Amino acid sequence: MKQKRSLINILVFVFLTAAAFFCLFPLLMAFVNSFKSNRELLANVVTLPRQWNFSNYIRTFDKMHYLRSLGNTIVLAAGGVGLIVLFSAMAGWKMCRTKNRLSKALFSLFVFSMLIPFNSIMIPLFRVVMMFHIKDSLIGLVFVYAGLGVSMGVFLYHGFVKSIPYELEEAARIDGCSSLQVFFLIVMPMLKPITAAICITNVLWIWNDFLLPLIVISDSKKYTLLLSTNTLFGQYSNDWTAILSALILAAVPVIIFYAFFQKQILHGISDGAIKG
Amino acid sequence: MTLFHGRTGTEVVSLKKPGKENISLILFALPAFIVYALFKLFPAVSGIYYAMTNWNGINNAGKSYDFIGLDNFIEIMSDKYYWKSILFTMKYVLVMIIVVNIAALVLAVAIESRKRMKGIFRTIFFMPNMISMIIGGYMWMFVFTKVLYYMADNWGISFFDKSWIGDPQYAFIAIIIVASWGAVGYLMIIYMAALQGVPVNLKEAASLDGANAWQSFWHVSLPLIQNAVTICVFWTLNSAFQVFDVVYALTGGGPGRATQTVAINIYEEAFRGNIRYGYATAKSTMLFFIVFVITLIQLRVMKRKEQEL
Numbered sequence: 242m243k244q245k246r247s248l249i250n251i252l253v254f255v256f257l258t259a260a261a262f263f264c265l266f267p268l269l270m271a272f273v274n275s276f277k278s279n280r281e282l283l284a285n286v287v288t289l290p291r292q293w294n295f296s297n298y299i300r301t302f303d304k305m306h307y308l309r310s311l312g313n314t315i316v317l318a319a320g321g322v323g324l325i326v327l328f329s330a331m332a333g334w335k336m337c338r339t340k341n342r343l344s345k346a347l348f349s350l351f352v353f354s355m356l357i358p359f360n361s362i363m364i365p366l367f368r369v370v371m372m373f374h375i376k377d378s379l380i381g382l383v384f385v386y387a388g389l390g391v392s393m394g395v396f397l398y399h400g401f402v403k404s405i406p407y408e409l410e411e412a413a414r415i416d417g418c419s420s421l422q423v424f425f426l427i428v429m430p431m432l433k434p435i436t437a438a439i440c441i442t443n444v445l446w447i448w449n450d451f452l453l454p455l456i457v458i459s460d461s462k463k464y465t466l467l468l469s470t471n472t473l474f475g476q477y478s479n480d481w482t483a484i485l486s487a488l489i490l491a492a493v494p495v496i497i498f499y500a501f502f503q504k505q506i507l508h509g510i511s512d513g514a515i516k517g
Numbered sequence: 004m005t006l007f008h009g010r011t012g013t014e015v016v017s018l019k020k021p022g023k024e025n026i027s028l029i030l031f032a033l034p035a036f037i038v039y040a041l042f043k044l045f046p047a048v049s050g051i052y053y054a055m056t057n058w059n060g061i062n063n064a065g066k067s068y069d070f071i072g073l074d075n076f077i078e079i080m081s082d083k084y085y086w087k088s089i090l091f092t093m094k095y096v097l098v099m100i101i102v103v104n105i106a107a108l109v110l111a112v113a114i115e116s117r118k119r120m121k122g123i124f125r126t127i128f129f130m131p132n133m134i135s136m137i138i139g140g141y142m143w144m145f146v147f148t149k150v151l152y153y154m155a156d157n158w159g160i161s162f163f164d165k166s167w168i169g170d171p172q173y174a175f176i177a178i179i180i181v182a183s184w185g186a187v188g189y190l191m192i193i194y195m196a197a198l199q200g201v202p203v204n205l206k207e208a209a210s211l212d213g214a215n216a217w218q219s220f221w222h223v224s225l226p227l228i229q230n231a232v233t234i235c236v237f238w239t240l241n242s243a244f245q246v247f248d249v250v251y252a253l254t255g256g257g258p259g260r261a262t263q264t265v266a267i268n269i270y271e272e273a274f275r276g277n278i279r280y281g282y283a284t285a286k287s288t289m290l291f292f293i294v295f296v297i298t299l300i301q302l303r304v305m306k307r308k309e310q311e312l
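Just so you know, the sequences run in chain order A and B.
Add 241 to the 1-based position in the first sequence for the numbering used here, that's all there is to it.
Add 3 to the 1-based position in the second sequence for the numbering used here, that's all there is to it.
The set of hints was computed from the structure by calculation and includes no laboratory data.
Note that this is a predicted model, so its numbers are computed, not measured.
Worth double-checking, as some hints may not be accurate.
What the hints assert, rightly or not - Simulated crosslink set (DSBU-like; lysine-lysine; CA at most 30 Å straight-line):
1) A:LYS304 to A:LYS463
2) A:LYS403 to A:LYS340
3) B:LYS306 to A:LYS403
4) B:LYS118 to A:LYS504
5) B:LYS206 to A:LYS504
6) A:LYS403 to A:LYS345
7) A:LYS433 to B:LYS121
8) A:LYS345 to A:LYS433
9) B:LYS206 to A:LYS245
10) B:LYS83 to B:LYS94
11) A:LYS340 to A:LYS433
12) A:LYS462 to A:LYS376
13) A:LYS376 to A:LYS304
14) B:LYS149 to B:LYS94
15) A:LYS504 to B:LYS121
16) B:LYS206 to B:LYS118
17) A:LYS403 to A:LYS504
18) A:LYS462 to A:LYS304
19) B:LYS83 to B:LYS165
20) A:LYS340 to B:LYS23
21) A:LYS376 to A:LYS463
22) B:LYS165 to B:LYS87
23) B:LYS23 to A:LYS403
24) A:LYS245 to B:LYS121
25) B:LYS206 to B:LYS306
26) A:LYS345 to B:LYS306
27) B:LYS149 to B:LYS165
28) A:LYS504 to A:LYS433
29) B:LYS206 to B:LYS121
30) B:LYS94 to B:LYS165
31) A:LYS245 to B:LYS118
32) A:LYS304 to B:LYS149
33) A:LYS433 to A:LYS403
34) B:LYS94 to B:LYS306
35) B:LYS23 to A:LYS433
36) B:LYS23 to A:LYS345
Said to hold, decoys possible - Take a look, some chain A residues computed to stay more than 12 Å from chain B by CB distance:
37) ARG309
38) GLY312
39) ALA437
40) ASP460
A virtual CB, placed ideally from N, CA and C, is assigned to each residue, including glycine.
All chains, full assembly: derive it from the sequences and hints.
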């Protein structure tokens with residue numbers, strides 16, 4: 242019995258290791274080959290590079306305007322998440338605390354659209370963007386992301402506010418706080434756990450979103466990391482050493498983010514799914 | 004104003020004047036409502052109107068168009084490529100639901116059965132989820148077009164020697180592999196959380212009664228995580244129907260239109276070549292109704308299953 246147990250344990254371990262290798266394989270291949278010269282890559286793709294040569298990186302770093310693309314992506318993600326958190330916390334909190342018909346109607350208006358897939362609205366949305374002359378505008382795109390993200394945010398905040406005590410707000414109000422003061426000084430700090438989860442899911446969504454920027458941004462100065470990587474892929478269609486170094490450069494910020502926030506990210510997912 | 008009256012929260016609220024209460028509500032909800040109305044509600048509603056126009060990017064730079072009733076929808080009925088892309092997407096959705104959920108469940112059970120190194124495996128399996136499928140797709144493209152050929156030539160693994168991107172049949176497999184690679188970690192996390200919620204004493208009781216690991220999983224754990232299965236299947240269905248990035252990066256819908264998903268089909272109709280916005284909007288409206296109906300059916304079936312258990 243005990244022997245059988247340990248055999249199964251070993252088999253499970255081997256299986257998991259193989260699966261882990263499979264998971265990391267494309268990253269590994271991209272990493273290893275990004276340091277090679279084109280000739281070396283053609284000769285052998287699976288070995289380590291003869292020397293860790295950064296010339297591919299230097300080439301693509303300039304070519305994809307790395308810092309500018311990174312900056313643009315940070316603006317979108319930070320701005321979008323900032324607006325989503327602020328707007329949906331305000332709305333979700335007030336709607337949860339106000340118990341009347343108007344509040345209920347507003348809430349269902351926010352929630353009902355959560356099932357509409359992005360594909361279904363992308364062309365009319367493109368038209369709205371043209372109407373407001375915010376094509377190629379990062380700030381404009383920040384507001385578009387806010388518009389797409391608030392319904393989920395309102396839903397989550399609305400649910401979370403139910404679980405926090407009302408007494409503190411009441412006490413603050415008796416002490417003479419205005420609604421805004423109550424919200425920023427009392428409520429926002431108590432919403433921290435759900436705010437963290439909302440921040441993380443939305444950062445990942447906006448950071449990795451490709452289709453919306455692809456439609457809305459055509460000025461290469463405003464390109465996100467993904468758009469400039471995509472363009473570079475088109476320009477260097479067969480120069481894999483350049484492409485792979487660009488892919489690694491584009492993946493690095495996310496991997497750093499993952500390294501720092503792994504716990505929160507994984508918690509956010511399992512909590513969100515079970516409560517949702 | 005409420006200082007001497009209300010003690011409990013509800014009383015405080017009810018003592019306020021309803022008009023003032025509503026003004027405060029509107030002011031707080033306004034910022035969210037404005038962006039939401041402009042960039043989601045209005046596009047969703049106006050889309051139904053644009054779907055009935057001949058709006059395109061050619062006539063007067065897209066500024067003028069006419070109402071043409073249901074003509075677009077009639078044209079869709081005989082649009083061979085649209086229905087092919089719908090069929091392809093459905094095939095993709097079905098395969099993804101099965102492959103990703105089984106893979107995620109197997110990984111979750113395997114990790115949960117271990118005492119050590121749980122964390123590191125979890126970290127690794129979730130990693131692809133963090134990376135955009137555009138980046139991941141191009142990395143896999145390198146694997147499919149360079150690495151596998153190298154292995155076939157030099158290590159004699161002839162199984163790898165296939166036209167992974169160029170042959171429609173293998174391109175589909177390649178897309179499934181890459182998409183599963185990118186999605187499995189997410190579902191695995193949800194399944195792991197659900198499995199941790201299964202009471203240990205139930206599993207112990209089962210094994211005391213002589214159940215082996217498989218029986219204990221099938222008859223004890225699985226029914227208890229039915230809820231997680233519903234969530235995960237629902238999630239896969241929803242995200243797989245909208246698949247764009249993986250296919251865009253790997254095959255671009257090719258060879259020909261063999262791997263064109265419906266999202267790619269709509270994107271190409273609107274932003275490549277024809278620039279027929281109105282017609283593409285009709286296609287996307289149609290897609291919404293199809294997804295809506297399928298979601299309703301799926302939710303109903305899953306709910307009934309849950310009740311049976």
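Okay, the hints, checked on the actual structure:
no.: 1; hint: A:LYS304 to A:LYS463; result: holds (14 Å)
no.: 2; hint: A:LYS403 to A:LYS340; result: holds (12 Å)
no.: 3; hint: B:LYS306 to A:LYS403; result: holds (26 Å)
no.: 4; hint: B:LYS118 to A:LYS504; result: holds (19 Å)
no.: 5; hint: B:LYS206 to A:LYS504; result: holds (28 Å)
no.: 6; hint: A:LYS403 to A:LYS345; result: holds (14 Å)
no.: 7; hint: A:LYS433 to B:LYS121; result: holds (28 Å)
no.: 8; hint: A:LYS345 to A:LYS433; result: holds (25 Å)
no.: 9; hint: B:LYS206 to A:LYS245; result: holds (19 Å)
no.: 10; hint: B:LYS83 to B:LYS94; result: holds (17 Å)
no.: 11; hint: A:LYS340 to A:LYS433; result: holds (24 Å)
no.: 12; hint: A:LYS462 to A:LYS376; result: holds (13 Å)
no.: 13; hint: A:LYS376 to A:LYS304; result: holds (24 Å)
no.: 14; hint: B:LYS149 to B:LYS94; result: holds (28 Å)
no.: 15; hint: A:LYS504 to B:LYS121; result: holds (13 Å)
no.: 16; hint: B:LYS206 to B:LYS118; result: holds (16 Å)
no.: 17; hint: A:LYS403 to A:LYS504; result: holds (25 Å)
no.: 18; hint: A:LYS462 to A:LYS304; result: holds (12 Å)
no.: 19; hint: B:LYS83 to B:LYS165; result: holds (29 Å)
no.: 20; hint: A:LYS340 to B:LYS23; result: holds (13 Å)
no.: 21; hint: A:LYS376 to A:LYS463; result: holds (10 Å)
no.: 22; hint: B:LYS165 to B:LYS87; result: holds (24 Å)
no.: 23; hint: B:LYS23 to A:LYS403; result: holds (22 Å)
no.: 24; hint: A:LYS245 to B:LYS121; result: holds (21 Å)
no.: 25; hint: B:LYS206 to B:LYS306; result: holds (25 Å)
no.: 26; hint: A:LYS345 to B:LYS306; result: holds (26 Å)
no.: 27; hint: B:LYS149 to B:LYS165; result: holds (11 Å)
no.: 28; hint: A:LYS504 to A:LYS433; result: holds (16 Å)
no.: 29; hint: B:LYS206 to B:LYS121; result: holds (20 Å)
no.: 30; hint: B:LYS94 to B:LYS165; result: holds (22 Å)
no.: 31; hint: A:LYS245 to B:LYS118; result: holds (17 Å)
no.: 32; hint: A:LYS304 to B:LYS149; result: holds (24 Å)
no.: 33; hint: A:LYS433 to A:LYS403; result: holds (14 Å)
no.: 34; hint: B:LYS94 to B:LYS306; result: holds (23 Å)
no.: 35; hint: B:LYS23 to A:LYS433; result: holds (28 Å)
no.: 36; hint: B:LYS23 to A:LYS345; result: holds (17 Å)
no.: 37; hint: ARG309; result: holds (18 Å)
no.: 38; hint: GLY312; result: holds (17 Å)
no.: 39; hint: ALA437; result: holds (16 Å)
no.: 40; hint: ASP460; result: holds (16 Å)
Checked against the numbered hints listed earlier, the structure breaks none of them; every hint is satisfied.
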